[in-house]
Structure formats: structure tokens, C-alpha cells
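A.B. asks: Input sequences plus hints: build the corresponding full structure.
So the protein lines, in turn, are chains A and B. Residues in the first sequence are numbered from 1 upward in steps of one, following our numbering. Residues in the second sequence are numbered from 1 upward in steps of one, following our numbering.
These aren't lab readings, by the way, just hints derived from the structure by calculation. Note that the structure is a prediction, hence the values are computed from the model and not measured. Every residue, glycine too, gets a C-beta built ideally from N, C-alpha and C. Check the hints yourself; a few may be wrong.
As the list claims (entries may be wrong) - Derived CB-CB ranges, DEER-like:
(1) B:S107 with A:E413: 36 to 44 Å
(2) B:P120 with A:I409: 35 to 43 Å
(3) B:I75 with A:G332: 19 to 27 Å
To be verified - One-sided excerpt, in silico: chain B residues whose CB lies under 8 Å from chain A:
(4) L5
(5) S19
(6) R31
(7) S119
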Amino acid sequence: MTVRALAGLAALNVAYAVVGLSLLWAALAFRTWGGLLRLAGLGYLLGLAAFGVLWTALLVAGVPFGVVVVVLSLVVLTAAGLVAGRLRGAGFDGARPCLGAGPILLVSAASVALAGMFLEALFRTARLSSLQEYDAWAFWVPKGLAIFFFDGLDVHVFTTTPNATYPPLQPVLDAAAFHAMGGPDVVTLHVQFWLLVVGAVAAAAGLLHRHAPSWLLWPPLLLVLVVPRFGERLLAPQADVLLQVLVVVAALLVALWLRDRGDWRLAAAAVLLAAGANTKREGILLAASVLAAGFVFSRPRWWPRLAAASVFVAVTVLPWRIWAGRHDIGAGAPSSPFGNGRLRGALDLSFEVLYSNARWSVLPVVATIALGAALVWGDRRLAGYLALLGLLFFAGGVWSTAGFPELAINADEGGNPIVRYTGSMIFLAAVALPLLLTSVWRAGEDP
Amino acid sequence: MLVALAWLYPHAFADANRSARANARLDNIDRALGGGNSVLPAQAIAMEARGRIPEDGTFAVSVGPRQPGWSVLAIPDSVANYMRYFLLPRQMDPNAPWILCFACDRSAYPDAQVVWEDSPDALAILRLPS
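C.D. replies: Given below as C-alpha cells:
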């Protein structure tokens, strides 16, 4: 671990943020410094997602993953955003951002300080972590190393490591990090995952800032960082946290799009969902759930936009499926859960894991109560969308456990990934809570 | 929710600080090996293999019966997966000239030369003539 490695990694991640912000600017998402600051976290995730999706396709097409080409791709993505923004008439007002004042600012400042203190402690953990997790050294990091060393999808590594069906977006990001660090530094690689967590918190807070007061926004966001099961695994160099962040921030964007129909939100959600679908097998299921819930709770005249987003996600999944099919790697989908006698056990297990106080503290219980309250007194469209999305995520977990006969029907993480999978629902609960509670609170304020 | 946060935040903060201190105490080899410390019978075979096998070389992993003192995680799949990761860009190949022998049946490689050996743990690096 060296200062040079850290500086390189910081530069790469700033580049992701610049790419994402240029794309958001082109989509007319902001035109002031205040807007830019509020969407910086989302911009970072969007840049990282766009880079990952682009390079997944380029690697399948045989483009070598060298430093020059990687830098060029970041420059081209940024330039594309800036040119598109110019053509669409996106402007920028250089007025200084207004931070507001009074007790709300105090709550925000205190919350940001608490989040910052915890993230600083996580940074110190990350920068000298060794690579411990089985999945990380058995296949995620080796695939990233293979892209770094061999400039592409090395057939030997990508077809013989465990879980060969997983798409290469996470390894692409690892390989880019190795190039930025100047070598295959698997210790400093943990800092890349720390930056992802920082980006996720900034993205969620920035998106919710105008839709929930600080005192309802920050407690769930802080709590999800420190609940035992989520907090312990934030830095593991695996794709679980990346998938959860991409899908849940996309789900939040769709929820806000249902409210204000800001097209930029749906466009950004589509890119994040495409990245999620290219991160892990279950990413396709989760992305489809978000889009399906969006269809159900939007008006038919909005459907063409959702259909376009769905087609975009589906098209981005194709390159890896083509490569995998060409190399005899199956789709890795579970079989039908009906008739194999595992459905009831899988249902009980998913329920037990979801409402496990020891893993997630009170988050799922409070979210369920908030959902019920919002369905009765608050924003019913929002609550319905989130309830359906939660049910679809839950059903996906049940289907996975029941449909893969080789998975044990228990919560031991060595034999069943249901706990990792449930992390998506917990992160969704954390970002949905401020919206749900605010809708109930504001309904009470109405005359 | 605030009560849960007030209870969990200090614990998580303390845990993160504890992990940071534990990570800082690791020596370079422990840090480089990471999970290999739980899988490999001894650190030396991984470090020796990195030093001896050229980066464009290939190797095979041959694991025999578990020996006294080996970790319960020292099973053939785990050892092979770990060595594949740790030795990249060196590639695994069943016909490779370099054999990483974990209590393997050495009679299967009659022409191999022992280039490194750790007798107490029954570990060796073998080299087949080219």
C-alpha cells in the first residue's frame, strides 16, 4: 500500500464522478453548484456504472483493457456528456449554493459528522485489509487480476474459476483500480470498496435531500451503515455491496420518477440497473423487479419511457450472455421451485433472515410499519411501488433457495447466499424509510 | 430507530477501530496472503512458488491426504483456487512443468526434481524436465 496507489485510486474515482456528472448535466438533472453537489454521489455511481457497462461490452468485443484505452474511454464518456448537454441546451448558473439555516442545518451537520466519523474509521480498516473472503480470492479478484494481466477476458480464468456465470462488471472495476494503483495491490483494493460506500451514502442522501427532512433522512441511512450484518461486509471485495447499491439507488430514482416524471431520473436508473444486471446473476432479477414495479405503479402513457429503459437494460446484458454461451457457460438460473418440496422451507428461511434483529436491527420492522402507515395515510402510489418491489425482491430470494437444490435451507453463508441477497431489501428499507415517513408526516400536516 | 442507532453506532465505530488496529499489526506476508493463512498448511509454499515460477510459467496443484496440523479448509478445491489467485499471472495447467505438491503422491511424477521442500508439512515444489 503506497501513497501512489491511493492517489491513483482517488484519481480514477474522481474520473468516475466527472463522467457521471457530465452525463447528468446532459440529462438536464442540474444547472447550479447546489444541484451538482447534491447529485455528486449519484454522479459517481452513474460514472462507475456507465464505465462498467461499456467495458463489459468492449471486453466481449475483444478490445484490450490497457491504461491508454481505459483513460480514453473515460474521456470519451465525459466528452459525450458535455457535447450532448450543449446540444440539449443544458446551462449552468454559477450562483453559490445555499445551505439553509436553523435546526435542520444543525441536524444535517451532526448527521454528516457522524457518518463521516464512521466512514473515516472504515477507511483506516480498508487501507490495510488483507484479502480474507473466500469468494473474493476464489473468483472475484482473480477475474479482475486476469483482466489486468491479460488485457481481456482470459478464457482459462473466466471459464474455470467458481461461479463462471457471473458477468465481469465487478472484475472490470477491479482491473481499472489495479491500473490506477500502478499494480495488482489487493490490499489497497479495499479502498475502492470504501469509496463505493461513500458514494452510495452521498447518492442516497443527495437524492432524498429535497424529499425528506434531515431528521427523517439521516437516522435510517446511519443505521444501515452500522447494523451488524451490513456494516461487517461493506468492504469485502465482492460484488454484493455493489449490486445492492446500484439496484437500490436505481429503485429510489424510479420511486422519485413516479412522483415528478423527471426523465433524467429514469435515464440514470436505466444505467444503474444495466450495471446491476451485469454485476451478478441475481442482478437481472432485481433489475426486472424494479422495472416491473415501475410499470405497475405508473400511468400507461408513461410506459413507453419505461419500455425504453427496459430495452436498454436487456441489450446491455446480451454481450456477456453471448460470450458465456460461446464458452459453454450456462445461464445459472434456478430451476422451478414448484414440486421439489423446498418452497415452504425457502419461504420460512427468507422470512427468518429478513426479520432477523441480530443481523439488521430494527430496520425491516420499522420499514414494514412505515409501509403500512404510508399505504393508509401517506403517498399510496409510492408505498404501493415500494411494497411490490419488496415483495418481488423477497420472492426472488425464495425462488433462489428453492430453485437451487444444492443450496442448504439454512442461513449459513457458506451454503446459501440468502443473507447476502437480503442485503438489497435492507438497503432498500433504509432509503425508502425517509420517503415513507415523510409522506405520512406531511399528510398529517395537511389542513 | 434512534435507540437502535444510539446503541449500535458506538459498537460499530469501536469494531471498525479494532479492525483497523488489527490490520495495521499484520506483517507484510500475513497481509499479502490474507485468506491463504487459513487455507494453506504453511505460508512458505506460496511465497516460494511466487519467487521460483516465472510470471509466464504454468503450474499444477496436487493435493494428497490431509496431514496432521493442516487446517480443515486445506481441501483440494480451496487450495487450488487459492493458488490460482495468488500466483496470477502464472496460470494453472494440469500438464504444467511446475507441481505444487501438498502431501501429493510423488511417484506420479517420477522424473520431477524437488526444487523446494518443507518436510514437516509434506509440502514441496517439483519441477518436471522440459
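A.B. asks: Going through the earlier hints one by one, which of them does the structure break, listed in rising order?
C.D. replies: 7
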